[in-house]
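Colleague: Below are the chains, spelled out letter by letter.
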Amino acid sequence: MAGRERPLAPFNRRACRVAESHAAGGYRIFTLIDEQGPEPAAGQFYMLSGESEWEGESGRPYLPRAISVARILGTRGALRLEFLIDDVGPGTGRMAAFEPGDGCLLTGPFGNPFSMPRELNSDAAGAILVGGGIGIAPMAVLRRELVKRGVPSRTLLGFRDQEHSGGVDELFGCEETRLAFEDGSAGHKGYVTDLLIRMLEGDDPGGAVVYSCGPPAMLEAVRNICAGYGVPVELALESPMACGFGACYGCAVPKAEGGYLRLCVDGPVVRGDQIESAMAGEMVTSGIGDAD
Amino acid sequence: MDLSTEICGIPLASPVLNGSGTYDALAAQRAFGDAVLDDFPFAAFVSKTITRHPRPGNPPHRLWEAPSGMINSIGLPNPGLEAFVGGDLLELTALPVPLIVSVMADSAEDFTLLVEAVAAVPGVAGIELNVSCPNVHSGLIVGEQPTETEALMKALRPLTDLPMMIKLTPNVANPHEVAKAAEAGGADAISLINTIKAAAIDRNHNRTWLGVGGGGLSGPAVRPIALAQVRAVAGAVDLPLVGMGGIADGESALEFILAGATVVAVGTENFRDPRAGISVRDGLVSALQRRGFESLADAQASTLS
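First to last, the sequence lines map onto chains S and U. The first sequence: position 178 = 180 (this note's numbering), numbered continuously. The second sequence: position 225 = 727 (this note's numbering), numbered continuously.
Isolated chain U, as found in the complex:
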């Protein structure tokens, strides 16, 4: 079955992407060699989040295993915009698939710098905005506030013709309200969900385990929540959606497409299996055939009763 599709005009050989920060294509080449490029697991690659200034990331511990999932508090370690553009970005644009660069800032000014610098690099196919960060001026987390989200999108929209997708946080009562605001501000697509706020309690030492006290839950444990949010957002906006949250196989990928996602992203499952993107893609073909879908487009167009 032909799985080729597109999102915001970016052509994709399949609807399977990676979630930002869940696959380091360059480190994977160090571990596995060129086999990673010969059989790249995703139809487009979403980079880890880049910020204006370098970030070392959070102090350990950064991981905790939860039932059918994990909690992380990684803290977005990255080399900063300048080093990224002069270094890893060039290697990432040479990957055999379209590149979407994830950026985050605590002000519209820094977002502007990031979007302009990244958009100027040939080979970047799109930009994902990570808005799960407090705005330095208002103190509010942009992605939790429809008004902040719309204002940011409106400020960034004129900067580039590249597709801009916004990654929603699930830690809100009404994610579809934020999605509608992103649409009004000119977003081209919406990706969801980011991780769900979570705590890891070290009961043997009466303390929290993670270095910064709390983190974000991911993996199959969050899948039903992600499906509910994808469904709610799909009903509220006309934008294509990148659905993610605990996708581990073709069957769970199909659930997201039926819930309203145009394409899907694999995240935590990549940690368990470096070829998870490939098994999700192949499993999706079987899942579609088993349900009598003649094409991916049929499933994308179907609606839940």
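Looking at chain S on its own, in the form it has when it is part of the complex:
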């Protein structure tokens, strides 16, 4: 479990204005103005729903969707929160259709943030960030936080194809990143985990700490690779989730020692050795069944 103190969420569900929305490859990025909340820490997430056209003609979406923040601009009182959205169902579909001026209901920030490298490994020389697909969002926030704290980091990002690499240029800018594309359209042809192995082979693993977010199969591979090299790893996981603050007990993830953790309050950032498998999020893209 991450050791850092986490910012407390205001005790409310507040209507925030959508300031901006645009396409980013096959994804969308939209910006919310949060006038009340604290600056979230890397790894934290929000529960989001549309102020209008939620519970539409089909009665769905009904529940809010758990979405990680992708970029934080401004400070408390005038925070601008950017979210990276993949339209995979009724909830993310509504959010992908947000237009400036629309209202978005928001609670949060929730969950444990990522630990700093020295909290995971007292000999840590820096951090290796491994992001995949839509999971690059929390990696972008962590990357900025590490830069601000003067912690060296290297970033490895993997994508299926160009269409599924939306947001990478904006969120990572001209920062040095190493890319892998499964279709070979740029960077390394293959998986991002190939790059991780290459990096750990060339490093002294004793000084490494890995952070990762992405599809479950990628996270499970990262978890196993890190276990093999004896490198501490923190993963940002996903699970169907109704509330975000420990009320529904829906976001159960099997623990390594048996039983379950509640991902909303005991995660979403977990250490690799805390869980039985990162595959628990299988088939979940960012919400509550039926793809969404």
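Some hints could be false.
As the list claims (entries may be wrong) - Derived DEER-like restraints, expressed as beta-carbon distance ranges:
1) Asp800(U) x Ala258(S): 56 to 62 Å
2) Glu178(S) x Gly535(U): 35 to 41 Å
3) Asp125(S) x Val623(U): 45 to 51 Å
4) Asn706(U) x Gln38(S): 35 to 41 Å
5) Thr649(U) x Ser60(S): 39 to 45 Å
6) Glu203(S) x Gly713(U): 25 to 31 Å
7) Gly589(U) x Asp196(S): 42 to 48 Å
8) Asn706(U) x Glu259(S): 45 to 51 Å
9) Val714(U) x Lys257(S): 17 to 23 Å
10) Asp784(U) x Asp125(S): 43 to 49 Å
11) Gly589(U) x Glu203(S): 29 to 35 Å
No wet-lab data here; the hints were simulated from the structure. All values reported here derive from a predicted model rather than from experimental measurement. Backbone N, C-alpha and C fix where the C-beta goes; we use that ideal spot for every residue, glycine too.
Given chain S, put chain U in place with the hints provided.
Modeller: What follows is chain U alone, placed relative to chain S:
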């Protein structure tokens, strides 16, 4: 408007409670801090269900979104009686509102242990019996059988002077028959409805989505069914009722009171809005005023034509 009321002698600042298992007051404090205590959303707090032995809960998946509702198969995860009494229960009794502890067992013997242990803790205002579980001896779900329900109530009634309410399952043909049996057995109040049996089909993979195959439906989708059952039970017993099932605002809370509930409970709406209890309470004032009711008691006493 003054919303203060009572149920079974438990004084309440408003008629808005939470449904068992739909709000974790301690986890909410981790997420929101002491603001939860300063502005507690409910007039009494109903704990999640406690069992004699610890339960890890059901394997994932546990949730499925349904039209205007959701299906859950959480499986009553809880630390077990001993750890609960030595841990969370002490913190819950320090909440700024009366505490009602929900318990469930698969035998009268275990129910007895639970009721005696919980009733002995100062600060517990009442006990809710979750009877949506098979009896280990008969194999029958207690709350589906009037005879089982009456026998259980009769066994537990002498154990404590604390109010005991029984949470009815809606998965029966005649809930009022079970309610009458609970009354005959000595229940002080009846809460209803629990979730309605439901299935989530993952059509892309030809399988059921939820880890244990099925679950229970809640949210506004069940509200008309809950209202029908509250109305039927209110006409059959003289006990106060805690009405719930898809309450999302003051207007829907008023529907339950008009159907015969003394107080109401908010459940699934808490997941969407951590302050849902407060907005239901405030919305109920507006709803009462709009209909010309001068007090909550007027609405509680009114009958449907």
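Colleague: Now, for every hint given, state plainly whether the structure supports it.
Modeller: Hints, one by one, checked against the model:
{"no.": "1", "hint": "Asp800(U) x Ala258(S): 56 to 62 Å", "result": "57 Å, holds"}
{"no.": "2", "hint": "Glu178(S) x Gly535(U): 35 to 41 Å", "result": "39 Å, holds"}
{"no.": "3", "hint": "Asp125(S) x Val623(U): 45 to 51 Å", "result": "48 Å, holds"}
{"no.": "4", "hint": "Asn706(U) x Gln38(S): 35 to 41 Å", "result": "39 Å, holds"}
{"no.": "5", "hint": "Thr649(U) x Ser60(S): 39 to 45 Å", "result": "43 Å, holds"}
{"no.": "6", "hint": "Glu203(S) x Gly713(U): 25 to 31 Å", "result": "39 Å, violated"}
{"no.": "7", "hint": "Gly589(U) x Asp196(S): 42 to 48 Å", "result": "47 Å, holds"}
{"no.": "8", "hint": "Asn706(U) x Glu259(S): 45 to 51 Å", "result": "33 Å, violated"}
{"no.": "9", "hint": "Val714(U) x Lys257(S): 17 to 23 Å", "result": "19 Å, holds"}
{"no.": "10", "hint": "Asp784(U) x Asp125(S): 43 to 49 Å", "result": "55 Å, violated"}
{"no.": "11", "hint": "Gly589(U) x Glu203(S): 29 to 35 Å", "result": "47 Å, violated"}
Hint compliance for this structure: hints 6, 8, 10 and 11 are broken, all remaining hints hold.
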